[in-house]
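Here is what each chain is made of, one letter per residue.
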Amino acid sequence: GAGVSQSPSNKVTEKGKDVELRCDPISGHTALYWYRQSLGQGLEFLIYFQGNSAPDKSGLPSDRFSAERTGGSVSTLTIQRTQQEDSAVYLCASSFRDRGSHEQFFGPGTRLTVL
Amino acid sequence: GQQVMQIPQYQHVQEGEDFTTYCNSSTTLSNIQWYKQRPGGHPVFLIQLVKSGEVKKQKRLTFQFGEAKKNSSLHITATQTTDVGTYFCAGYGGSQGNLIFGKGTKLSVKP
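Line by line, the protein sequences are chains A and B. For the first sequence, my numbering gives the first residue as 22, with consecutive numbering after it. For the second sequence, my numbering gives the first residue as 11, with consecutive numbering after it.
Since the hints were made in silico from the structure, they are not lab data. From a predicted model like this one, the values you see are computed outputs, not experimental measurements. Idealized CB from N, CA, C, for every residue including glycine. A portion of the hints provided could be inaccurate.
Think about it this way: if two alpha-carbon atoms lie no more than 27 Å apart in a straight line, the pair counts; the simulated DSS-like pairs of lysine-lysine are [to be verified]:
1) B:113 x A:32
2) B:113 x A:78
3) B:46 x B:61
4) A:78 x B:69
5) A:78 x A:32
6) B:69 x B:46
7) B:46 x A:32
Listed next, with one range per pair, are the computed distances between beta-carbon atoms [unchecked claim]:
8) A:37 x B:30: 27 to 37 Å
9) A:39 x B:62: 44 to 54 Å
10) B:49 x A:33: 19 to 29 Å
11) B:104 x A:49: 31 to 41 Å
12) A:97 x B:24: 42 to 52 Å
13) A:136 x B:77: 32 to 42 Å
14) A:82 x B:12: 40 to 50 Å
15) A:117 x B:67: 16 to 26 Å
16) A:30 x B:30: 42 to 52 Å
17) B:61 x A:36: 42 to 52 Å
18) A:28 x B:28: 36 to 46 Å
19) A:72 x B:12: 15 to 25 Å
20) A:38 x B:69: 43 to 53 Å
21) A:41 x B:49: 22 to 32 Å
All chains should be built: construct the whole structure from the sequences, respecting the hints.
Rendered as structure tokens:
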């Protein structure tokens, strides 16, 4: 595709429910990142995938958060037993190789609201 | 751990005035990137600086990377309403670390 796509664009859920957020990176980009952005705040790093290497999960805030990347392309971020403090915009980005030496292309984000 | 501080948090200017945002890292950076996020939008890459003392210009925007590679600035000359948004710096320390984003400077421009 032309850019990074994410779905759904908006998700409203009840506290305690599980949610899955999807990211389709730009074709050919081997690096994929998930960030969380709370209202009016900066970008909080969650997890990073690079090719077939083990993901860097150092930014995941709790064990309720997990992510997978299948076939080196599509990624799914799963939040189990959602809490109200999980409400935020979840942004996915991809880049051509490397962690920090290439620009990151961001998707439009998924706005998650936990009631 | 590595931290990237960005100031000011907010800046309100009259159209035509200049604007500057500053970024400081607690450690030496391999490179620094700048992104712009329009209201309701997602971050969009503006530029990357790699060399010590590097200065790059994009029309009315001037980006600088400090000699010690620990600080950077973005200066906008004669702001326009289209410059409205949040400007983020993001520093990369290298050695398989992560790109660390500053908290951003939110710019509003009064016509």
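Okay, the hints, checked on the actual structure:
no., hint, verdict
1, B:113 x A:32, "25 Å, holds"
2, B:113 x A:78, "21 Å, holds"
3, B:46 x B:61, "21 Å, holds"
4, A:78 x B:69, "39 Å, violated"
5, A:78 x A:32, "23 Å, holds"
6, B:69 x B:46, "15 Å, holds"
7, B:46 x A:32, "25 Å, holds"
8, A:37 x B:30: 27 to 37 Å, "46 Å, violated"
9, A:39 x B:62: 44 to 54 Å, "48 Å, holds"
10, B:49 x A:33: 19 to 29 Å, "22 Å, holds"
11, B:104 x A:49: 31 to 41 Å, "24 Å, violated"
12, A:97 x B:24: 42 to 52 Å, "46 Å, holds"
13, A:136 x B:77: 32 to 42 Å, "51 Å, violated"
14, A:82 x B:12: 40 to 50 Å, "18 Å, violated"
15, A:117 x B:67: 16 to 26 Å, "25 Å, holds"
16, A:30 x B:30: 42 to 52 Å, "34 Å, violated"
17, B:61 x A:36: 42 to 52 Å, "49 Å, holds"
18, A:28 x B:28: 36 to 46 Å, "40 Å, holds"
19, A:72 x B:12: 15 to 25 Å, "24 Å, holds"
20, A:38 x B:69: 43 to 53 Å, "47 Å, holds"
21, A:41 x B:49: 22 to 32 Å, "28 Å, holds"
The structure fails to meet hints 4, 8, 11, 13, 14 and 16 from the earlier list, while all remaining hints are met.
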